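Spelled out from the first residue to the last, the chains are:
Number of protein chains: 4
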Amino acid sequence: FSLELRPLGIAFLCLALQQDAWLQSVPLCLAGFVVQGSTGEAPYLTQQERLEVMSYVRQAVPKDKLLLAGSGCESTQGTIEMTERMAEAGADAALVVTPCYFRGGMTSTALIHHYTQVAEASPIPVVLYSVPANTSLELPTEAAIVLAQHPNIVGLKDSGGDVTRLGLLVHKTQNEDFQVLAGSAGFLLAAYTVGAVGGICALANVLGAPLCQMERLWRAGRWDEARELQHRLIEPNMVTRRFGISGLKQAMEWFGYSGGPCRAPLLPLTEAQVSELRQDFTSNGWL
Amino acid sequence: FSLELRPLGIAFLCLALQQDAWLQSVPLCLAGFVVQGSTGEAPYLTQQERLEVMSYVRQAVPKDKLLLAGSGCESTQGTIEMTERMAEAGADAALVVTPCYFRGGMTSTALIHHYTQVAEASPIPVVLYSVPANTSLELPTEAAIVLAQHPNIVGLKDSGGDVTRLGLLVHKTQNEDFQVLAGSAGFLLAAYTVGAVGGICALANVLGAPLCQMERLWRAGRWDEARELQHRLIEPNMVTRRFGISGLKQAMEWFGYSGGPCRAPLLPLTEAQVSELRQDFTSNGWL
Amino acid sequence: FSLELRPLGIAFLCLALQQDAWLQSVPLCLAGFVVQGSTGEAPYLTQQERLEVMSYVRQAVPKDKLLLAGSGCESTQGTIEMTERMAEAGADAALVVTPCYFRGGMTSTALIHHYTQVAEASPIPVVLYSVPANTSLELPTEAAIVLAQHPNIVGLKDSGGDVTRLGLLVHKTQNEDFQVLAGSAGFLLAAYTVGAVGGICALANVLGAPLCQMERLWRAGRWDEARELQHRLIEPNMVTRRFGISGLKQAMEWFGYSGGPCRAPLLPLTEAQVSELRQDFTSNGWL
Amino acid sequence: FSLELRPLGIAFLCLALQQDAWLQSVPLCLAGFVVQGSTGEAPYLTQQERLEVMSYVRQAVPKDKLLLAGSGCESTQGTIEMTERMAEAGADAALVVTPCYFRGGMTSTALIHHYTQVAEASPIPVVLYSVPANTSLELPTEAAIVLAQHPNIVGLKDSGGDVTRLGLLVHKTQNEDFQVLAGSAGFLLAAYTVGAVGGICALANVLGAPLCQMERLWRAGRWDEARELQHRLIEPNMVTRRFGISGLKQAMEWFGYSGGPCRAPLLPLTEAQVSELRQDFTSNGWL
Numbered sequence: 001f002s003l004e005l006r007p008l009g010i011a012f013l014c015l016a017l018q019q020d021a022w023l024q025s026v027p028l029c030l031a032g033f034v035v036q037g038s039t040g041e042a043p044y045l046t047q048q049e050r051l052e053v054m055s056y057v058r059q060a061v062p063k064d065k066l067l068l069a070g071s072g073c074e075s076t077q078g079t080i081e082m083t084e085r086m087a088e089a090g091a092d093a094a095l096v097v098t099p100c101y102f103r104g105g106m107t108s109t110a111l112i113h114h115y116t117q118v119a120e121a122s123p124i125p126v127v128l129y130s131v132p133a134n135t136s137l138e139l140p141t142e143a144a145i146v147l148a149q150h151p152n153i154v155g156l157k158d159s160g161g162d163v164t165r166l167g168l169l170v171h172k173t174q175n176e177d178f179q180v181l182a183g184s185a186g187f188l189l190a191a192y193t194v195g196a197v198g199g200i201c202a203l204a205n206v207l208g209a210p211l212c213q214m215e216r217l218w219r220a221g222r223w224d225e226a227r228e229l230q231h232r233l234i235e236p237n238m239v240t241r242r243f244g245i246s247g248l249k250q251a252m253e254w255f256g257y258s259g260g261p262c263r264a265p266l267l268p269l270t271e272a273q274v275s276e277l278r279q280d281f282t283s284n285g286w287l
Numbered sequence: 001f002s003l004e005l006r007p008l009g010i011a012f013l014c015l016a017l018q019q020d021a022w023l024q025s026v027p028l029c030l031a032g033f034v035v036q037g038s039t040g041e042a043p044y045l046t047q048q049e050r051l052e053v054m055s056y057v058r059q060a061v062p063k064d065k066l067l068l069a070g071s072g073c074e075s076t077q078g079t080i081e082m083t084e085r086m087a088e089a090g091a092d093a094a095l096v097v098t099p100c101y102f103r104g105g106m107t108s109t110a111l112i113h114h115y116t117q118v119a120e121a122s123p124i125p126v127v128l129y130s131v132p133a134n135t136s137l138e139l140p141t142e143a144a145i146v147l148a149q150h151p152n153i154v155g156l157k158d159s160g161g162d163v164t165r166l167g168l169l170v171h172k173t174q175n176e177d178f179q180v181l182a183g184s185a186g187f188l189l190a191a192y193t194v195g196a197v198g199g200i201c202a203l204a205n206v207l208g209a210p211l212c213q214m215e216r217l218w219r220a221g222r223w224d225e226a227r228e229l230q231h232r233l234i235e236p237n238m239v240t241r242r243f244g245i246s247g248l249k250q251a252m253e254w255f256g257y258s259g260g261p262c263r264a265p266l267l268p269l270t271e272a273q274v275s276e277l278r279q280d281f282t283s284n285g286w287l
Numbered sequence: 001f002s003l004e005l006r007p008l009g010i011a012f013l014c015l016a017l018q019q020d021a022w023l024q025s026v027p028l029c030l031a032g033f034v035v036q037g038s039t040g041e042a043p044y045l046t047q048q049e050r051l052e053v054m055s056y057v058r059q060a061v062p063k064d065k066l067l068l069a070g071s072g073c074e075s076t077q078g079t080i081e082m083t084e085r086m087a088e089a090g091a092d093a094a095l096v097v098t099p100c101y102f103r104g105g106m107t108s109t110a111l112i113h114h115y116t117q118v119a120e121a122s123p124i125p126v127v128l129y130s131v132p133a134n135t136s137l138e139l140p141t142e143a144a145i146v147l148a149q150h151p152n153i154v155g156l157k158d159s160g161g162d163v164t165r166l167g168l169l170v171h172k173t174q175n176e177d178f179q180v181l182a183g184s185a186g187f188l189l190a191a192y193t194v195g196a197v198g199g200i201c202a203l204a205n206v207l208g209a210p211l212c213q214m215e216r217l218w219r220a221g222r223w224d225e226a227r228e229l230q231h232r233l234i235e236p237n238m239v240t241r242r243f244g245i246s247g248l249k250q251a252m253e254w255f256g257y258s259g260g261p262c263r264a265p266l267l268p269l270t271e272a273q274v275s276e277l278r279q280d281f282t283s284n285g286w287l
Numbered sequence: 001f002s003l004e005l006r007p008l009g010i011a012f013l014c015l016a017l018q019q020d021a022w023l024q025s026v027p028l029c030l031a032g033f034v035v036q037g038s039t040g041e042a043p044y045l046t047q048q049e050r051l052e053v054m055s056y057v058r059q060a061v062p063k064d065k066l067l068l069a070g071s072g073c074e075s076t077q078g079t080i081e082m083t084e085r086m087a088e089a090g091a092d093a094a095l096v097v098t099p100c101y102f103r104g105g106m107t108s109t110a111l112i113h114h115y116t117q118v119a120e121a122s123p124i125p126v127v128l129y130s131v132p133a134n135t136s137l138e139l140p141t142e143a144a145i146v147l148a149q150h151p152n153i154v155g156l157k158d159s160g161g162d163v164t165r166l167g168l169l170v171h172k173t174q175n176e177d178f179q180v181l182a183g184s185a186g187f188l189l190a191a192y193t194v195g196a197v198g199g200i201c202a203l204a205n206v207l208g209a210p211l212c213q214m215e216r217l218w219r220a221g222r223w224d225e226a227r228e229l230q231h232r233l234i235e236p237n238m239v240t241r242r243f244g245i246s247g248l249k250q251a252m253e254w255f256g257y258s259g260g261p262c263r264a265p266l267l268p269l270t271e272a273q274v275s276e277l278r279q280d281f282t283s284n285g286w287l
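Protein chains in written order, with the working numbering: chain X, 1 to 287; chain Z, 1 to 287; chain F, 1 to 287; chain W, 1 to 287.
Rather than coming from a laboratory, the hints here were simulated on the basis of the structure.
This structure is a prediction, so every number in the text was calculated from the model and none was measured.
Some hints could be false.
[Claimed, not checked] Example chain Z residues on the side facing chain F (calculated, C-beta under 7 Å, incomplete):
hint, residue
1, G160
2, T164
3, L168
4, H171
5, A190
6, T193
7, V197
8, L229
9, H231
10, E253
11, W254
12, G256
13, G260
[What the hints assert, rightly or not] Footprint (simulated), chain X over chain Z, 3 or more residues, beta carbon under 8 Å:
hint, segment
14, 58 to 70
15, 75 to 85
16, 145 to 153
17, 208 to 221
18, 261 to 267
[As the list claims (entries may be wrong)] Beta-carbon label-pair distances, calculated as ranges:
hint, chain 1, residue 1, chain 2, residue 2, range
19, F, F255, W, Q117, 28 to 34 Å
20, W, Q117, X, Q149, 36 to 42 Å
21, F, Q117, Z, Q149, 36 to 42 Å
22, X, T270, Z, Q59, 54 to 60 Å
23, W, Q117, F, Q48, 20 to 26 Å
24, W, N175, F, T270, 52 to 58 Å
25, F, E176, W, S283, 43 to 49 Å
26, F, F255, Z, G285, 46 to 52 Å
27, F, E176, Z, S55, 51 to 57 Å
28, F, S275, X, L267, 25 to 31 Å
Each residue gets a CB set at the ideal place from its N, CA and C atoms; glycine is no exception.
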């Protein structure tokens, strides 16, 4: 079994919710989608609901699009079971976030052990997922380098924004079949520069086409245009940093998508926050 | 309905696992137990398993002992459902940890909204639970003060160790029916000093009797003895800070309890760690 | 040479500025004063100015009052020289803050080396000073325990607020001639409970008499009164946490002292901040 | 008066110490030098020593090389005076680190006020300097954007490593005469990608020529070679993150420079650390 993220090198979409309207307007420039990642509010759904979303999306999106399933749970056993079920439901690969609740015990050794067990058991390739803004835990660089050697671990989505670390990870895994993906649109161009092959960016839910365009400009050597586009995407991308899922759902409305209502305890934006958020899009020429 | 934690003023036990052997040697000086709190590895169990543990313990422990159920989930809806089921399974009160995954959205406003909804729906009293070592999130002081006014919110377990904050919380809620509990044995005596009524301490799984003894000394005005006892409990209590659940389970073995095996991704202690941990108990005269 | 802080067990005053008016109204319940500690804005003065303040205060305050001089600099050599000069200017002991700029290099080993060199060279006793709110560095507990064995290191002012750590420090240094002092009024009573002998509290610049009164109540076994007083002092004490030196100077005005103008880059409080600060004093019955 | 850093777009050297041997082997590819920045151990020297180093270097280096002087102090007044003296001693521009000791008071407003006063008073252009690894404080993005409008503030050295922030700063100051410089070699290539004009990198003390080479490759559009070079520079650059000044001085020895002895409290590397550090250079082909 072989999953080639590398030739694609594009931004995956983090699918928040199954929405017919949304699926009909999917930017087909994207190479694939993530179901039940952070943006998909996985921690808010029951196991059954997570699988239902997966099944729905699998049948609804074009067959040539990659489908990654967020399948991380706090326990190793839970993660293995969820990964197996997501594979049955049609996922091409599993995106496995670091467990984090007992963070005092989440040493490099423990995380290597965890991911190795998951990768051994998983019928589909595993993509590591480090997102310190949510987990307050960064998958240690040395752990990622060790895990990259596992044949069923094919990449890392890194949302931490430390491009020095991204470069080092690319450098130290250059002899492995291992792909580094930027986890946020704010540093996507810089990540390409140091060797990332693509990105999985929440902003692709809203501005998927410009993200694909930035990649094309970069590959064509049109650096000034790529940089200018990157610059215009940073403030809109802060939507998730400042306003999280709530902000993303609001922005989706403006662009004709339907993010659905916020689930508690997340609150919808206040009017002042909506204005502030909209300003980030208008001042950069997106609205 | 009224739950009086105040006159008890004792250390609750964080019950890790249902274990006949353990239950037969429960230190009956304790006023009650917590089922499926952090030490109970709640994030590692399925909903069904969590409820089964609760039912088992309810029938096994003496009827006059309080039973608190950890019922916090990431979503408000999930927390409400788990709380209701724990009540059905016999819990006297719910211990509800802060949601934390989308921590950027966990503002005071969002947390007040969350806990209010849970308290409204819950058939049993709610105890707030702030444990930044696990969640990287502290329930804001101002949120706790607002929530203390709710008739179905009866207290707070605070594991953060900031005794200034504990004192302020006692001070600002003195007119409410609200009880502050120390969340760790390391600062239990200091917490009593500033007005806490008791503690819910992982160390009570191992050294429950000395913790009860310290409270008796304190209430009897025998300060020097209470202080000396507190001093001897600090290093053993570091078990959970340094070695977490794995350390606690190891220590339980030494004292005749059975903590059961570690669940992955938590790893059992290495030999060097076991030695270090044992030293914390022997040097303080506990082994 | 012997400096006995222990029998005093009181709150030292952090003297911000030499002010005749201030000195004439010094609360004589205090056992001593600190010159050029954090509150004294030491980092804002030249070496010469620091020494001038010291000389002035030495001649102005009663001879039976202890005078501690903040003499910490970033380099070991600079600290040694400043300590020697402060001794010449009449300081009874040196209060030496942790160096912190190259914090990556400030390991336990480096700090033990630093303080040992300073203590060896100093003609007066050395008091360690850990204040993470300013330095983003905590003097490691194990370093403090090692340093406590040095005959010329007589104590530690700890402003971190972790009373578990304070208790452990008292416990592990019980056989040394070493005194632990609370570095802030917010946790002073709790610190006494676990064995601290006194405090060096910025709030003593404003509410020195109540701090002394709290100590007397505590020593007399009048716990409820001591606790009530502690409760009323927490919010006023937040002055320094929230508003820093600027807030302290404002509060001093209200109590008839003269803190002098703020030095840039510190800014005087805005009107809204003044109102908020005043509320912390009035709601607790101090104004 | 006009200082054009922009056309240079190169790595400045952080000069640690005046050393004849060092100066004779200066990599002349570098456009300039920094005297008394962080690497120059400014916090360890007296004001007089800082000025002496500056005077020495000014006369020793080629006249066409830019000379930046670290002139930041904790107080605004101290910074102004040091900046004026550095200008008299021949500095072309001042590199002014954020004050940080009273970090609670170092709000955006306070820092804008501070830098504006310094820029008004300074006879030479001012370069802002944000280095959270040392100061635990990041110059807020919004403060930097405001300050960029000041005619005597010509740039920012940012050592934080957040390339999203660098991109945003370039974007929001595109209409100002303001230059963004990478503060570390680890993310230099990524910084160029998002619009930085150069770098001030401690690693240039050791590997100045490869850093200049990387810039030439980048400007020539030879991206793959530039990336490969960047990759090989990341681990050597960790020298300062992991081993600080001590590591840098050790590495300088290997390359024929003389960094001089470590000043206490910084300690020289242990043998194990020297081995580890050397491995970072050998495994990347530099030794």
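Structure-based check of all given hints:
no., hint, in the structure
1, G160, "violated (10 Å)"
2, T164, "holds (4 Å)"
3, L168, "holds (5 Å)"
4, H171, "holds (4 Å)"
5, A190, "holds (4 Å)"
6, T193, "holds (4 Å)"
7, V197, "violated (13 Å)"
8, L229, "violated (11 Å)"
9, H231, "holds (4 Å)"
10, E253, "violated (25 Å)"
11, W254, "violated (21 Å)"
12, G256, "violated (26 Å)"
13, G260, "violated (28 Å)"
14, 58 to 70, "violated (count 0)"
15, 75 to 85, "holds (count 4)"
16, 145 to 153, "violated (count 0)"
17, 208 to 221, "violated (count 0)"
18, 261 to 267, "holds (count 5)"
19, F:F255 / W:Q117: 28 to 34 Å, "holds (31 Å)"
20, W:Q117 / X:Q149: 36 to 42 Å, "violated (55 Å)"
21, F:Q117 / Z:Q149: 36 to 42 Å, "violated (55 Å)"
22, X:T270 / Z:Q59: 54 to 60 Å, "violated (48 Å)"
23, W:Q117 / F:Q48: 20 to 26 Å, "holds (22 Å)"
24, W:N175 / F:T270: 52 to 58 Å, "violated (31 Å)"
25, F:E176 / W:S283: 43 to 49 Å, "holds (46 Å)"
26, F:F255 / Z:G285: 46 to 52 Å, "holds (48 Å)"
27, F:E176 / Z:S55: 51 to 57 Å, "holds (53 Å)"
28, F:S275 / X:L267: 25 to 31 Å, "holds (29 Å)"
The structure fails hints 1, 7, 8, 10, 11, 12, 13, 14, 16, 17, 20, 21, 22 and 24 (numbered hints given earlier, in ascending order).
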